[in-house]
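When you get a sec, could you build the whole thing from the sequences and use the hints?
Read off the chains here:
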Amino acid sequence: MSVIRGVGLKWMSAGLASAAIAAIALGSIDTARAADPRAELFQKFQTAVKGKTVAWVPVWLGVLESEWTRVMKAHFDDYGIKLIVRDPNFKSDVQLQAVSSLINEKPDILVVQNPTTTLLARELKRAMDSGIKVIQVNMASNQLTDAYVGADVPKLGRVLAEEVVKTCGGGKGSGKVAILQGEATAAYSLDMTKAATEIFNGDKSIKVVSSQPTNWDANKAADVTTNVLQQNPDLCGIFSVWGPQTAGAAQVVKNAGKQGQVKIFVASDGQPADCDMVEQGLFTKNLSYRADTQGEAIVNAVLTLLQDSRPAGTTQLAYYTTNYWVSGKDDRHYCFVVPKE
Amino acid sequence: MSSEIAAGGQQQRARYKPSQAIIVLGVTVLLFVVLSAALPGFVTLGNLFTLARNISILGILALGMAVVVIGRGIDLSQIATLACSAAIAVTLINSGWPAFPAIGLGLVLSIAIGAANGFLVSVVEIPALFTTLASGLLVLGVTRALVVPHYQVFLQPGHDWLLKLGGTVAGGLPVPVIAFAICALALHLFLSRTVLGRFIYAHGDNAQAARLSGMATRPLTMLEYAICSGIGYVGGVIMVGSTSLMHLQVAESTMIFDVILVVVLGGVSLVGGRGNVVSVIAGTVLIGVLLNAMTIMNLDIQTQDMIKGGVLLLAIALDSYIHPRDEETAKQGD
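Those protein sequences? They're chains F and G, same order as listed.
Under the working numbering, think of the first position of the first sequence as 438, with each following residue one higher.
Under the working numbering, think of the first position of the second sequence as 1214, with each following residue one higher.
Fair warning: there could be bad hints in the mix.
[To be verified] Pairs of lysine-lysine, DSS-like flavour, derived with a Cα cap of 27 Å:
(1) F:Lys489 to F:Lys543
(2) F:Lys641 to F:Lys631
(3) F:Lys528 to G:Lys1521
(4) F:Lys528 to F:Lys562
(5) F:Lys609 to F:Lys641
(6) F:Lys528 to F:Lys603
(7) G:Lys1377 to F:Lys722
(8) F:Lys519 to F:Lys543
(9) F:Lys631 to G:Lys1377
(10) F:Lys695 to G:Lys1377
(11) F:Lys641 to F:Lys543
(12) F:Lys609 to F:Lys766
(13) F:Lys519 to F:Lys489
(14) F:Lys722 to F:Lys603
(15) G:Lys1377 to F:Lys691
[To be verified] Restraint-style ranges between C-beta atoms, simulated for each label pair:
(16) G:Val1337 to F:Ile521: 29 to 39 Å
(17) F:Lys766 to G:Ala1399: 37 to 47 Å
(18) G:Leu1512 to F:Asp530: 26 to 36 Å
(19) G:Arg1431 to F:Lys695: 34 to 44 Å
(20) G:Gln1515 to F:Lys695: 27 to 37 Å
(21) G:His1372 to F:Val774: 18 to 28 Å
(22) F:Lys695 to G:Val1247: 28 to 38 Å
Honestly, the hints are just simulated from the structure, not real lab data.
For glycine and all other residues, C-beta sits at the position ideal for the given N, C-alpha and C.
Here you go:
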């Protein structure tokens, strides 16, 4: 054995040495003939990227969207890409107008966050027809575009609901579950509620005692939860589609002295407050995704499309977000940190 | 109320005409009886406390709004003002301020915004609808830009006494209900027993006559809006107490319309000078019974909207039937 290994090593070292000599020789010839290939690569990147314009239209600039914007801005500044941000502040007509006028301004890339599957569909098609590459974030519209970056919302709902079933189903609890929706018409909330309801209906031991919209409002969530707890003191679990609204429900559960008895499961966008709530024992578990890494995924999609010389509408790339469980202090790193300005 | 008696005394319209608050209370009682019979779990002490708790904040805000509406105004900035003042107070507490000065500063701020609204309405003479629509946006914008960039501010742990405002006292009585009761009683005494309170009715009933008879209607208007914001702020602090956070998005929600709905429903007419604290309580309780029952029945949002919309239309129809519009009164809210 040792003999064979010795021989092998000898051969290998000889091979390495000759390869190294060859590489040095080639390299010197190359630099003599043209630019360093690494410099060339950078040059190519610079030409493709520098001075380009990215237009970004979120639904509004909430915590999640601000974090995306912050990450995008930091990277784009570094690469010399110009970022235009329009904040429609949750008003769909304003958002539509913003996208329409941006198409006339001809940015190289248009990044949009869809409020519904249909609102921006026509304009996104028009943007691609006029040569602007389009990236959609966190919700794909019916019109597919060059790239999609974001969470798979139905999957988020399914995974979170399965966790609720694991905790409350099969006789482990009363099996009574309340769903806290977001805004009744928001597709994010609809998709997640629908996926979760399917899971809940598929398990006979689970009974959904309430499924009410909260309009993203902690006060409304508190009211609904007070009612539900009153009617179902043996409630086992609360399934909520979003963190901040759930804070109201958690406070009600705490005031009722049922902290720990009523388990609260939340789909989270990785806001720092959501991790705080888990650490204080107010939420049982978050299924989180990280806004900062999502922001980086958006940046990567932008870089990919800028370096791809094919025209708009050729590709349909997807960058699905990975989800993480947050159930205690050790999972803090799955929530992002809002930097002090 | 007094105007109705006066109207009733005229000519053939001598028969008894119940005030809108009485009608609404009647409808509420009827609804209550039906629901008690039909809906299991509705008529229990626990559920009644739940019901009362859920309407307390809305009721408190409606008390404030009623003062402005009685003075023939309207304040669309009430929610924005309370949300921003409370958010600023919470931010100060989080940054280490002692709680009382922080909360006090919030109160001063909200009263100042209210008084500024009153100034713009009465001295600069911009219609209340536009003034308060714009000032609400301004307050929200400034607060977001300077203090709360991300729309929401969470109260840091360690201020459990503030969270007690959202809890219950012995016997399960919710603290928000007590706050609502205190505000209602104080406002009732103010409106019915003090000169200033009577002035507000006179101002709403006929602003010109009030002015000509020597009332300082401009400071009076400022007072009305300041009371509205100040009482609203109490509701805001209780919001923080019950949810441990202030989410500025409430300022852009339809909550302000719920407040106006409660006020108008109970019979505080948009024409001004009419209605009282009982009207507000009547409106609040009816909405509370409706919301509570709809949540227990787990109705979907479409059905809830239909029921709420129907009730609002009914209330407005009732309002215009009992208080017909005429040249003198058809100014505000039309």
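So, going through the hints one by one against the coordinates:
Straight-line distance between C-alpha atoms of lysine 489 (chain F) and lysine 543 (chain F) comes to about 11 Å, which keeps the hinted pair within the 27 Å bound. Between lysine 641 (chain F) and lysine 631 (chain F), the direct Cα distance comes to roughly 17 Å. Compliance with the 27 Å bound is thereby established for this hinted pair. Of the supplied pair hints, the one linking lysine 528 (chain F) and lysine 1521 (chain G) holds, its CA atoms being roughly 23 Å apart against a limit of 27 Å. With a C-alpha separation of about 21 Å, the suggested pair lysine 528 (chain F) and lysine 562 (chain F) falls inside the 27 Å cut-off, and the hint holds.
With a C-alpha separation of about 13 Å, the suggested pairing of lysine 609 (chain F) with lysine 641 (chain F) holds against the 27 Å cut-off. About 39 Å separates the Cα atoms of lysine 528 (chain F) and lysine 603 (chain F), which puts this hinted pair outside 27 Å; it is violated. The straight-line distance between the Cα atoms of lysine 1377 (chain G) and lysine 722 (chain F) is roughly 25 Å, inside the 27 Å bound, and the hint therefore holds. Pair hint lysine 519 (chain F) plus lysine 543 (chain F) holds up; C-alpha atoms about 13 Å apart against a cutoff of 27 Å.
This hinted pair does not check out: lysine 631 (chain F) and lysine 1377 (chain G) have alpha carbons roughly 36 Å apart, beyond 27 Å. Taking the CA atoms of lysine 695 (chain F) and lysine 1377 (chain G), the gap is about 16 Å. The hint holds against a cut of 27 Å. Simply put, lysine 641 (chain F) and lysine 543 (chain F) have alpha-carbon atoms about 54 Å apart, too far for the 27 Å limit, and the pair is violated. Annotation: proposed proximity of lysine 609 (chain F) to lysine 766 (chain F) holds, straight-line Cα distance about 26 Å (limit 27 Å).
A threshold of 27 Å between alpha carbons decides the hint, and for lysine 519 (chain F) with lysine 489 (chain F) the separation of about 6 Å falls inside it, so the pair holds. In summary, the hint linking lysine 722 (chain F) to lysine 603 (chain F) is supported, as the alpha carbons are separated by about 13 Å, within the 27 Å threshold. With a C-alpha separation of about 11 Å, the suggested pair lysine 1377 (chain G) and lysine 691 (chain F) falls inside the 27 Å cut-off, and the hint holds. Checking the proposed 29 to 39 Å range against valine 1337 (chain G) and isoleucine 521 (chain F) shows it holds: the Cβ atoms sit about 37 Å from each other.
A beta carbon spacing of about 46 Å between lysine 766 (chain F) and alanine 1399 (chain G) agrees with the range 37 to 47 Å that was offered as a hint. Taking the beta carbon of each, leucine 1512 (chain G) and aspartate 530 (chain F) are about 29 Å apart, inside 26 to 36 Å as hinted. Taken as a hint, the range 34 to 44 Å is violated for the pair arginine 1431 (chain G) and lysine 695 (chain F), whose Cβ atoms sit roughly 53 Å apart. Between glutamine 1515 (chain G) and lysine 695 (chain F) the C-beta distance comes to about 31 Å, which sits within the given range of 27 to 37 Å.
Under the hint 18 to 28 Å, the C-beta atoms of histidine 1372 (chain G) and valine 774 (chain F), about 23 Å apart, fit the expected range. Hint check: lysine 695 (chain F) to valine 1247 (chain G), Cβ distance near 31 Å, so the stated range 28 to 38 Å holds.
Consistency note: the structure conflicts with the earlier hints numbered 6, 9, 11 and 19.
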